[in-house]
Amino acid sequence: MSINATLLAQMVVFAILVWFTMKYVWPLLKQAMDERETRIADGLAAAEKGKHDLELAEKRAADVIREGKDKAQELLNQANQRANQVIEEAKTAARGEADKVLASARAQIDQERIEARERLRKEVSALAVAGAEQILRREVDARAHAEALDRLASQL
Amino acid sequence: MSAQGHGPATVTDYIVHHLTNLKVGEGFWTLHLDTLFFSIVLGGLFAWVFYSVAKRVDSGVPRGLQSFVELLVDFVDTQVRETFHGKSELIAPLALTIFCWVFLMNFMDLMPVDLLPELAMGIGVPYLKVVPSTDPNATFAMSLTVFALIFYYSFKIKGTGPFLKEVFTVPFGPMLAPVNLIFRLIEEIAKPISLALRLFGNLYAGELIFILIALFSLGQAMDTLLDPAPFTIFVAQVILGLMWAIFHILIITLQAFIFMMLTIVYLSMAHEAH
Chain A
1 MSINATLLAQ MVVFAILVWF TMKYVWPLLK QAMDERETRI ADGLAAAEKG
51 KHDLELAEKR AADVIREGKD KAQELLNQAN QRANQVIEEA KTAARGEADK
101 VLASARAQID QERIEARERL RKEVSALAVA GAEQILRREV DARAHAEALD
151 RLASQL
Chain B
1 MSAQGHGPAT VTDYIVHHLT NLKVGEGFWT LHLDTLFFSI VLGGLFAWVF
51 YSVAKRVDSG VPRGLQSFVE LLVDFVDTQV RETFHGKSEL IAPLALTIFC
101 WVFLMNFMDL MPVDLLPELA MGIGVPYLKV VPSTDPNATF AMSLTVFALI
151 FYYSFKIKGT GPFLKEVFTV PFGPMLAPVN LIFRLIEEIA KPISLALRLF
201 GNLYAGELIF ILIALFSLGQ AMDTLLDPAP FTIFVAQVIL GLMWAIFHIL
251 IITLQAFIFM MLTIVYLSMA HEAH
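Chains A and B, in that order, give the protein sequences.
Heads up: the first sequence is residues 1 to 156, going by my numbering.
Heads up: the second sequence is residues 1 to 274, going by my numbering.
Here chain B stands alone, though its shape is the one from the complex:
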């Protein structure tokens, strides 16, 4: 119903419109402004909330927002300490940032699919994809950063010699050095790709299902909505949308948790010899 009027009319147009980023630039030097905007706003929200709590944190009885923030910090800290046994200034804050940021970006998926794009269209923005984690640029940005950290720590903690030795000799011993190298390369490359694509795929699929549910009443005029047939469809859409949204609460949290957890696991592997 919201797609009528100035929006695209057909089903294909509607879906494509929802899956198109707001872009500037050409070729590789294209920027997805919507992805950047929402991820920066959400990242800023996370940083602001946590910083405002951290600034006036009190080691006495915690209250309100501080309790919530400490709950998250404690949760992340527990996960890190259970998995990672070295000492690192980086891993726990990294894990916290990933968990909160990914969760907030995923959370945008629970916004009504048409609400923000339609509002944007009202102020003259033609395209708006509101969920940054349905943009592979955003997910790969995180996974490649984590990948870079894996390499950095592999070299730093293990030392270049032992690390290269490990690359060539594990798991089949020095006789099969090329095979070991290929195995290791596949293993290492699979890490950022699986990290990024898992998050992207889950959220992209979730977003797509929201869009498909929204198709139920696409093109339906407001004044005919109370007729029996469109009304049935409308009720079906509400129920399906509600069920998927409730289920999606689990998915967005789970995906944020998985991304955080795997980051901790990969980085602790980089810290420990095989």
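Excised from the complex, chain A in its bound form:
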């Protein structure tokens, strides 16, 4: 083991190596690696953003679908309501019509009954007169008894 001029030569070699590395090797490699780091970070950020956007879009799509469903349901309800209403209206109208028909039928019946009663009364009076004529077997003044017979007929 001896220290000699080799030491100085080695120092020069070492210094040149360090200088070379500092000047031509390290900055290039470091720059490339830093660049890659940035690119990877950007890529990851973009992926994260894409994921986020997708989530938002999915949420929005779900909202739209739900809204559509709600609207459809609403329309269906309205239609049902309307249908019920129409049915009710129709029922009411039919009932009214039926009542009217019934009423007119009743009125007609009443009318006819009155007429029939009138006719019967007349016929009964005629029959009563005829009967009295038959009973009395003589000439009766129809005109003199007509008043009494009418009174009788009105009590029928």
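Source of the hints: derived by calculation from the structure; they are not laboratory data.
A couple of the hints might just be wrong.
[Said to hold, decoys possible] Listed below are the simulated DSSO-like cross-link pairs for lysine-lysine, each with C-alpha atoms no more than 27 Å apart in a straight line:
1. A:Lys-23 x B:Lys-158
2. A:Lys-71 x A:Lys-59
3. A:Lys-49 x A:Lys-59
4. B:Lys-191 x B:Lys-87
5. B:Lys-191 x B:Lys-158
6. B:Lys-156 x A:Lys-23
7. B:Lys-158 x B:Lys-87
8. B:Lys-55 x A:Lys-23
9. B:Lys-191 x B:Lys-165
10. A:Lys-23 x B:Lys-87
11. B:Lys-191 x B:Lys-156
12. A:Lys-30 x B:Lys-156
13. A:Lys-59 x A:Lys-69
14. B:Lys-87 x A:Lys-30
15. B:Lys-87 x B:Lys-156
16. A:Lys-30 x B:Lys-165
17. B:Lys-55 x B:Lys-87
18. B:Lys-87 x B:Lys-165
Mind docking chain B on chain A? Use the hints.
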């Protein structure tokens, strides 16, 4: 077995041969050619591989070698950012260089101990120490450079006045200024020495154990290798060598990491007030 023939014959010669550098020059002005050669080749390998990736680096999906290089860069960058909270153009590349260079130099320890020296001897090179980090010149070169940077940043970031004030007043206050100075000097000097000697010691010891394991079959002729006794020794050598090599994978990485980590810690201390 490889040391026979034209190589040194005795155990001592064998070990000494392995621990001797290939030298030129005299006295202080000696150069360890093997240390320089391997450290420059390995440093060049590191620089070339990293530069070729950095040149056509792509911020898209990384592939193959680029992934590996980025793994290292990211690893070093994480360590630096966890420890050092200032802003510095130098510390992270410095740490990367230290980690990779030290690791590659340590890695030479996993080469078969005799392979490269014997090949070198084949082309007429008498000595070859293949692991640069077993040469204190190499480890001190790095630790002293780091030491110089510690001082440079201490003065630059803290300013001369506050730095000198810190030297004289921490940790015992202004009344014990000389003691503080001595403490500080010891602390500062211990940094490069411990850095360099830790790496050197670990790798030197590791290399020595590889050499000792290689001694098992030293001087054994090839044709007697299949006899029962030499064969047992040979198997023992293979198993021990394998175990030590596997364990050494951990050591060389750990030592490279420790050197890098302590450099970051020391430099961040130089950036922050006590």
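Query raised in the report: So which of the earlier hints does this model not fit?
Result: 16
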